[in-house]
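Enquirer: Residues per chain are reported as follows:
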Amino acid sequence: MVAPSQPTSFDNETGRYGEVYDRGYKHYDGERLGRKHAFNALVRYSMQRALGLKKKWTAKIVPIILYVVVLGTVLILIGIEAFLPDTTTMSYPEFFIFIFIIEGMFVATIAPEMLCPDRRENVLTLYFSRAISRLDYVLAKLIATGILTLTISLVPVVLLWLFRQLLADSPLSALKDNAGDLGKVALTGTLIALYLGAGGLMVASFTSRKSIAVPIIIVGYGVTEALVSAVGYALRDQSWSDYIFFLSPGSLAGNLAYSFFPDLEVEAIPFEWWAYVSALAITIVIACAVMVWRYVPED
Amino acid sequence: MTDRGSTSTLSLNGTLSSSLTNGAFGDAPAVEIRGVRKSFGNVVALERLDLTIPKAAVGLLGANGAGKTTLLRILLGLTDPTEGKASVLGYDTQTDGVRVRERVGYMPESDCLPSGTTAADFVGHMAEMSGLPARAARQRAADVLYHVGLDEERYRLIKGFSTGMKQRVKLAQAIVHDPGLVFLDEPTNGMDPQGRDEMLDLIKRIHKMLGIAVIVSSHILEDIERVCDHVVILNNGKLMLSQPLEGIGTEQGDLLVRVDTRHDEFIQRLGALGFPATMGSTDELHGREEIVVRFDGDQVYDAVRDVAAEMEIALRSLRKRARSLEDVYIGEVEASEGGATGGRS
Amino acid sequence: MKKKTRSYASIVNEQLQQAQPVVSLPGVTGGAEPTIVVNHVSKWFGDIVAVSDVNFGVVPGVTALLGPNGAGKSTVLKMMSGLLNPSSGDILIHGKSARGNLGTYRRFGLVHESELVYPFLTGREFVRLNAITQKMKDVNGATERAIATVEMASAADRRVGGYSKGMRQRIKVAAALVHEPDVLLMDEPLNGMDPAQRAHMINLIRELGKTKTILVSSHVLAEVERFADSIIVIVNGKLAAAGDYHAIREKFDDRDHSVRIRADHPRWLAVALIGHPATRSIRVDGESRIVAETNDVRAFYRALPALAKRANVRLYEVQATDESLQSVFSYLVER
Chain U
34 MVAPSQPTSF DNETGRYGEV YDRGYKHYDG ERLGRKHAFN ALVRYSMQRA
84 LGLKKKWTAK IVPIILYVVV LGTVLILIGI EAFLPDTTTM SYPEFFIFIF
134 IIEGMFVATI APEMLCPDRR ENVLTLYFSR AISRLDYVLA KLIATGILTL
184 TISLVPVVLL WLFRQLLADS PLSALKDNAG DLGKVALTGT LIALYLGAGG
234 LMVASFTSRK SIAVPIIIVG YGVTEALVSA VGYALRDQSW SDYIFFLSPG
284 SLAGNLAYSF FPDLEVEAIP FEWWAYVSAL AITIVIACAV MVWRYVPED
Chain Y
2 MTDRGSTSTL SLNGTLSSSL TNGAFGDAPA VEIRGVRKSF GNVVALERLD
52 LTIPKAAVGL LGANGAGKTT LLRILLGLTD PTEGKASVLG YDTQTDGVRV
102 RERVGYMPES DCLPSGTTAA DFVGHMAEMS GLPARAARQR AADVLYHVGL
152 DEERYRLIKG FSTGMKQRVK LAQAIVHDPG LVFLDEPTNG MDPQGRDEML
202 DLIKRIHKML GIAVIVSSHI LEDIERVCDH VVILNNGKLM LSQPLEGIGT
252 EQGDLLVRVD TRHDEFIQRL GALGFPATMG STDELHGREE IVVRFDGDQV
302 YDAVRDVAAE MEIALRSLRK RARSLEDVYI GEVEASEGGA TGGRS
Chain V
220 MKKKTRSYAS IVNEQLQQAQ PVVSLPGVTG GAEPTIVVNH VSKWFGDIVA
270 VSDVNFGVVP GVTALLGPNG AGKSTVLKMM SGLLNPSSGD ILIHGKSARG
320 NLGTYRRFGL VHESELVYPF LTGREFVRLN AITQKMKDVN GATERAIATV
370 EMASAADRRV GGYSKGMRQR IKVAAALVHE PDVLLMDEPL NGMDPAQRAH
420 MINLIRELGK TKTILVSSHV LAEVERFADS IIVIVNGKLA AAGDYHAIRE
470 KFDDRDHSVR IRADHPRWLA VALIGHPATR SIRVDGESRI VAETNDVRAF
520 YRALPALAKR ANVRLYEVQA TDESLQSVFS YLVER
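Protein chains in written order, with this note's numbering: chain U, 34 to 332; chain Y, 2 to 346; chain V, 220 to 554.
Warning: the hint list may mix true and false statements.
What the hints assert, rightly or not - Under the rule of at most 25 Å between Cα atoms (straight-line distance), these lysine-lysine pairs were calculated in the DSS-like manner:
| # | chain 1 | residue 1 | chain 2 | residue 2 |
| --- | --- | --- | --- | --- |
| 1 | Y | Lys167 | V | Lys315 |
| 2 | Y | Lys239 | V | Lys384 |
| 3 | U | Lys59 | Y | Lys209 |
| 4 | Y | Lys160 | U | Lys93 |
| 5 | V | Lys354 | V | Lys315 |
Keep in mind that the hints were calculated from the coordinates and are not lab data.
Bound conformation, chain U alone (with noise of 0.2 Å):
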């Protein structure tokens, strides 16, 4: 506690006291936390803006319906499951699947709104000359994207692993037993998330008007996965026309999830797991690479 000074504006004549505390600007002393802050900072901006908070109610409404609906799916799947108990329901690939096509909606909705309004109406400009750097400008962009995904497919599919376990007839050893497929079932959605959106941002990163970028995300995604069937479907024959579902979002998803639960196979998957892990990965990366490459280089 510092020691008072002697007050100025005691007047000694007259015995009187007074002060004026607050007459305009001041100057700041208060603590500053550095870059650090400034990331993260931007990174909670980001997935605000993305979610439409703090903004007119019509910017919200697509990412909460997906919420309900990705979240009731579960719900309702968890409700048969616990009601009805011998109906089977939803495998993980299948709802893999499910997730995969709400989760390219949701990109499609976030990943405009992360990088196309900054640049289209000049914004960069002010955030480049912040106690960040272009480099930190895309990864937090890339985070902030990247836990917006895994709320849609992470956390819901582990909540069903979750529920799953507790309605088993014993939990304790059910939540042991099946600790693998948790670890499976987590790998796909962090890898679907972060596929999906860093595949979105990319694409968002090429223009700067969200009303483009949505419609090339979805037509990207939807294009991609209809030429890939077709041509491989075309090529079914020649020994390495599975290479070419590599290409899609879609088979590649699906195939990852059903590598790790062999046995709901329907028909044979031609790789091993790794192989899509792998593949994927890469394409994350590549994604990242192409954003940085987009931000980056001083223009």
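Given the coordinates of chain U, assemble chains Y and V onto it according to the supplied hints.
Expert: The following block gives chains Y and V in isolation, referenced to the frame of chain U:
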């Protein structure tokens, strides 16, 4: 917080009551540039620049393409010089770019505000982006926006703002984190006469009352003359001049006198006393009708006064003719280009 | 010695000259013929009244159109340029109504703020295009002359898209001049120009003002002071003032004039001045200056030298501080 009383709050009469005002703003320069050269392939934007910019209100002048923008980007650590070093507030721009930007504010010339947020939200976010904790950031943002002249508008979306309001928001985000130095690029752009007046006043206050060093890049010399006390002129990537404004152009100049009537008699009487005078040409003097009296020493002031007193005519204005900043600028630019200034940029 | 008699005519002329000038229309003094007349013009957009019964004339020479943003000035300029029709009232050009008669705008050159739409043309091509559309006989000659007037000859072969803002402005001025119009309407013509270009353009405007009618809209009043012969001020959709700004200043007789004086013994001078009835107040401004307020400018300036002499004070500088256009303008827009 308020028992800090001494160092940085404003006292009653509005002057900075701390050691900041004694000895101006400290002796360390705001910016040091040593041997900086910047080229983009074959194009040389800056040629071996050696310059020290004091912590003052500095005007940065130069044609488009003279290197001002490049210099600014180097000083903000956004690009590295091809050769040489620069430091801002003691931090090297190449190795400590982030630290520089923590302590520096930038008001860009171009549009750069997002339309979908409120002014308060955005400026608060920018404050956090310079390292302020969240709560302090919100508080500072609200305060600073108020001080630049936005009352309840600061809680409205930037979308609906006029040019003048947007310029104020740009200024606010540049000073919200209480930087030691602020770069202002064409701060009065697009504003109407009142807005320009207020903006220039704001800038002057930011500097004089708060001790924030200011570097203003502007094409409007009257603005620079009003706000700055030091001026730097660049041309073709080279430094032309860097000196205090007060010294500029006040070398020997004639006296310019305006009276309301009986000009010829006035001139004649002055001549008779040994002070030659003539009627000035209106073109040169921007349309004013002034009598030019040769200046040979301070006695001429008294002669003018006494003749006017004797004649009982009105002494409407009296000033020393000085080369204006414009004359100096054009002189420097023409000297370096050896002739016409047109056509380059 | 023959006594010189004066003719009756000369006596009448002298009387007329000493009388107050006749103002027939705001902005038009004496018997001058206005080139453009804005005749009781109003403009509304739905419920919003942008311009309300504005009435003034523009005579040959350089007139500045001033006003706060969003207060009707741009709307007035657009209507005078033929880009917008008045909701009521009329624009007269050389006495003839311009409504529906686009031919009257042939003699106009417009320099307006919107970006050029042909960035892929070179400067020369852009000016030439205008010369052609204006059906000039000597297209090449006119183009070269216009380019030379704005000193863009060395950059004329580069594409407009690559020009800096200041260069774009200059080429726009060239394009507006190529058909040798006798009326030029310019909206922020100095925008983006560097100090040397500004000085040059100001001189150009003054030169052109000697033979043409020029209306310039600008926010930089210190520059307007240098090229404008008279001003038109639009505030809140109405005409606030018109004419020479010094004379306008005089009309604010409820406002004391402010005079800054630098002297060797400013306080002695202050003592001497405060004793004079024309002085309303004195303020000390730094070590060597005082600022005096007076409501009787003539008397004040007349008394100043004698008072200074008697007090043995040397006067270094005497300057009115609120007679600039900036001050006049701020008085006009105050509520």
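Enquirer: Could you run down the list of hints and mark each one as holding or not?
Expert: Verification of the supplied hints:
1. Y/Lys167 with V/Lys315: violated (42 Å)
2. Y/Lys239 with V/Lys384: Roughly 21 Å between the alpha carbons, so the hint for Y/Lys239 and V/Lys384 holds.
3. U/Lys59 with Y/Lys209: The given pair, whose Cα atoms are some 13 Å apart, holds under the 25 Å limit.
4. Y/Lys160 with U/Lys93: At roughly 19 Å apart (the allowed maximum being 25 Å), U/Lys93 and Y/Lys160 satisfy the hint.
5. V/Lys354 with V/Lys315: The given pair, whose Cα atoms are some 23 Å apart, holds under the 25 Å limit.
The structure shown violates just one earlier hint, number 1.
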